[in-house]
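J.: Next come the chains, spelled out residue by residue.
There are 2 protein chains.
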Amino acid sequence: MKTYDFQSSNAFVELFEIPPYRSGALEGLSFAVKDNIDIRDRSTSYGSKPWRETHPPAAHHAVCVEQLLMAGARCVGKTVADELTYSLDGENHFYGTPVNPRAPDRIPGGSSSGSASAVACGLVDFALGTDCGGSIRVPASLCGVYGMRPSLHRISEAGVLPFAPSVSTVGVLARTLPVLRQAMRVLLRSQAQALPPVRNIYLLQDAFEIADPAIRDALSGCVASFDGLPHVTVKSISLREITGLDLSLRSYNEDALRVLQTAEIANALGGWIRASQPEQGPNFRAGYRNVESFDRSAMSDALNLCEALFARVAAFTRPGDVFCYPTVPVLAPKKGVLTGRNLDAVLDYYDRTMAVTSFAGVARLPEITVPLAQVDGLPVGLSLAAGHYQDEFLLDASLRLWG
Amino acid sequence: MKTYDFQSSNAFVELFEIPPYRSGALEGLSFAVKDNIDIRDRSTSYGSKPWRETHPPAAHHAVCVEQLLMAGARCVGKTVADELTYSLDGENHFYGTPVNPRAPDRIPGGSSSGSASAVACGLVDFALGTDCGGSIRVPASLCGVYGMRPSLHRISEAGVLPFAPSVSTVGVLARTLPVLRQAMRVLLRSQAQALPPVRNIYLLQDAFEIADPAIRDALSGCVASFDGLPHVTVKSISLREITGLDLSLRSYNEDALRVLQTAEIANALGGWIRASQPEQGPNFRAGYRNVESFDRSAMSDALNLCEALFARVAAFTRPGDVFCYPTVPVLAPKKGVLTGRNLDAVLDYYDRTMAVTSFAGVARLPEITVPLAQVDGLPVGLSLAAGHYQDEFLLDASLRLWG
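If you read the sequences in order, they're chains U and L. Residue numbering for the first sequence follows UniProt numbering, beginning at 1 and increasing consecutively. Residue numbering for the second sequence follows UniProt numbering, beginning at 1 and increasing consecutively.
Treat the hints as calculated values from the structure; they're not laboratory data. One or more hints might be untrue.
Distance ranges between label pairs, derived from CB positions [to be verified]: (1) L:L195 to U:G221: 44 to 50 angstroms; (2) L:W402 to U:A224: 56 to 62 angstroms; (3) U:Q193 to L:E254: 24 to 30 angstroms; (4) L:G96 to U:F294: 34 to 40 angstroms.
A few chain U residues facing chain L, derived, Cβ under 8 angstroms [as the list claims (entries may be wrong)]: (5) Y21; (6) P50; (7) R52; (8) V63; (9) M70; (10) G72; (11) H153; (12) S156; (13) Q191; (14) A268; (15) W272; (16) S293; (17) R296; (18) S300; (19) L303; (20) N304.
Computed footprint of chain L on chain U, listed as stretches where at least three residues anywhere in the stretch have a Cβ under 8 angstroms from a Cβ of chain L [as the list claims (entries may be wrong)]: (21) 94 to 102; (22) 307 to 318.
Glycine included, each C-beta is placed from N, C-alpha and C at the ideal position.
Build the full structure now, drawing on both the sequences and the hints.
T.: Structure follows, in structure tokens:
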């Protein structure tokens, strides 16, 4: 693997040094911060130069940044985010494309693209990201690093730019599982507590079926290794068996979560875009057209479906249960391909990927992606998800399985 | 009681008419919206004229407003909020003081002051509010109406101005318990589900002890009426018995929740205040001085304590359990008293009130205040709280007890 430095990775928007406030659990570790999370006295770009120019500098670090500094970690810079974080590509019109060191001709994935790249290039031990529709999980998987989206609202979002409040989370991308666990436990403010052992591993059929056959094959060995685990039941399960509803994973996204997300994103960005008419990259512009043309007055069924699905997954899930599936159902697309000229490629990437990422999104579950496999040298992540608020169990379970 | 109209109530910032999108569960009901919640094509003031002047109009209604319109309710206007919602007074430097019709010489309480006033004056059936440290519960109690703060993050906050994301909620103030329940069920997207009966009513000793003796006496009859309920155990309980920690209710607020709130509020407001140097009312300015002088680098113990308390209350609480206590431990202060000239009165009002409101705040519990009693003609609310995410049970329990 070719090596990249802070410049050549193109992962960073700004480099600086904020020393830890004191020693602590994260002593000796360095981290970077996705540029939709405030750093004191600096302007947060949200992945958009016009946003940066029309908003004042932050008066304070985001709470999550302070937590890491209080725990002994050192902050080294801000990383590129996709434009207004509304993308899973990692190709930013204003700031360029952070390198995917495992596949330099491919996208890193987004929107925490710079955070994934910085970790994958070995420039930091871990990085803060945010995840709404997959923005931590997707770039972590495509760049071959660990990443965790926590349960909805377990981590403070103060000082993080609002996006889709019913879905957005703050989380971590890391180079190892112990580092991921340590950083996440600081942010989650985890207590000493007894955690159940893993009892059931549910292989989510619908997600495996959506995945490219090569990805299924590549992950089959990892999945087979679960069979030897003592006291663990491994079982293939369909979304229908979990929810009791005759609903595909695609519909789970398209008829439920995506509607809620789209509505909330319009609330977060609409007023500013209308008033400022900012320069926009072509991909953002195309995506945002869907937001603007969306009929908000007809979304009550979708909102209710989201809540019903959340409640049904919660009712199904027991302590000790984990769900397992491919993090991303496709390999990293080549750079420059996901444009309006290749609409089919764009739709395939988004529709399949978000069908899979919507499972944890709707159910507000914590999910960890682990870089376990590869296809033609390209990283492939396997995800584990656990019940709502079972973040510490999930971290513990991942470490027992692969630590 | 003297009657007030839309003008003389001083509850409204703007009056307009948004008809329902269709018929539904809220057909025939009118509502108002606290002015930190977006209404399309209008500028949201956040209780501050300079904020209104420096931010663009909203491109969309907040999701919670759309939910009510989709369910058949009619929106009639925006109500006064306390300045940047950082107050429990209801006396706004820019917009004046909404009338407390039950005690016109007293404050209505804040920060959902206009929403409480509009409901108490009989001008709307219900109103949207937000609650961080008591901003729905306090004005509902002081004005003698029903109010509910839901479990943290059960209701979409898209289109609601960010304040303290780890504590802030969207909720409802209403003239009757059935209307409160109906509106809340729409916002919560409640499913048909079996709900447990009330099994235990825990009278929170620490909160009763903090309350004025006259308030304790006034509520004693309501509390005594629980004794006749079949299959219900009524038990006085201390915070120490619930959490297993030797911590007073004041400390629960001052050493835990208030620190988290203060940090998060600084994130929400700090950049804008520093860059715009906006006109501020004297009470806001005095309060915000504490936010600015606060040492963020030393808050990790408080953040950890918040999470520990949340986990301990969650571990204690069983389905069918409710906690019961005075909503506000003091009677509505006279208008114009809570100023820097009467610092002792200000501290007494805030320290005691927020000690009580912090119980649900830290534990992310849903809480309903019910206007059950009075002292010298002044309304006194009794609160019920239930476990995290047990919102539907709490609404059902309240209706069984007092519907």
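J.: Each of the hints needs a verdict: does it hold here or not?
T.: Comparing the hints with the structure gives:
1. Distance hint for L:L195 and U:G221: a CB-CB separation of about 46 angstroms, consistent with the stated range 44 to 50 angstroms.
2. At about 59 angstroms, the beta-carbon gap between L:W402 and U:A224 stays in the expected band of 56 to 62 angstroms.
3. Look at U:Q193 against L:E254: about 26 angstroms separates their beta carbons, and that is inside 24 to 30 angstroms.
4. At about 38 angstroms, the beta-carbon gap between L:G96 and U:F294 stays in the expected band of 34 to 40 angstroms.
5. The interface hint given for U:Y21 is met, as the beta carbon of that residue sits about 5 angstroms from the closest beta carbon of chain L, less than 8 angstroms.
6. Taking 8 angstroms as the C-beta cut-off, the interface hint given for U:P50 is violated, the closest approach to chain L being about 13 angstroms.
7. Annotation: U:R52 was flagged as interfacial toward chain L, and the flag is violated, the nearest CB pair being 12 angstroms apart, outside 8 angstroms.
8. Taking 8 angstroms as the C-beta contact cut-off toward chain L, the hint placing U:V63 at the interface holds, the least distance being around 6 angstroms.
9. The interface hint given for U:M70 holds, since its Cβ lies 4 angstroms from the closest Cβ of chain L, which is under the 8 angstroms cut-off.
10. Annotation: U:G72 was flagged as interfacial toward chain L, and the flag is violated, the nearest CB pair being 11 angstroms apart, outside 8 angstroms.
11. For U:H153, the suggested interface contact is upheld, since its CB lies about 5 angstroms from the closest CB of chain L, less than 8 angstroms.
12. The restraint placing U:S156 at the interface with chain L holds, with a minimum CB-CB distance near 5 angstroms, inside the 8 angstroms limit.
13. Interface restraint check for U:Q191: the shortest CB-CB distance to chain L comes to about 5 angstroms, inside 8 angstroms, so the restraint holds.
14. A distance limit of 8 angstroms between C-beta atoms decides the matter here; for U:A268 the minimum to chain L is near 7 angstroms, and the interface restraint holds.
15. At its closest, the beta carbon of U:W272 sits 6 angstroms from a beta carbon of chain L; the interface hint therefore holds under the 8 angstroms criterion.
16. For U:S293, the interface hint is violated, the least distance from its beta-carbon to any beta-carbon of chain L being 13 angstroms, above 8 angstroms.
17. Annotation: U:R296 was flagged as interfacial toward chain L, and the flag holds, the nearest CB pair being 6 angstroms apart, inside 8 angstroms.
18. The interface hint given for U:S300 is met, as the beta carbon of that residue sits about 4 angstroms from the closest beta carbon of chain L, less than 8 angstroms.
19. For U:L303, the interface hint holds, the least distance from its beta-carbon to any beta-carbon of chain L being 6 angstroms, beneath 8 angstroms.
20. Restraint check, U:N304 versus chain L: the minimum CB separation of about 5 angstroms is within 8 angstroms; hint holds.
21. Residues of the region 94 to 102 of chain U with a Cβ under 8 angstroms from some Cβ of chain L number 0, which does not satisfy the need for three, so the listed coverage is violated.
22. Evaluation of the coverage hint for the region 307 to 318 of chain U: fulfilled, as 3 residues show C-beta separations to chain L shorter than 8 angstroms, against a requirement of three.
Of the hints listed earlier, those the structure fails to meet are numbers 6, 7, 10, 16, 21, in rising order.
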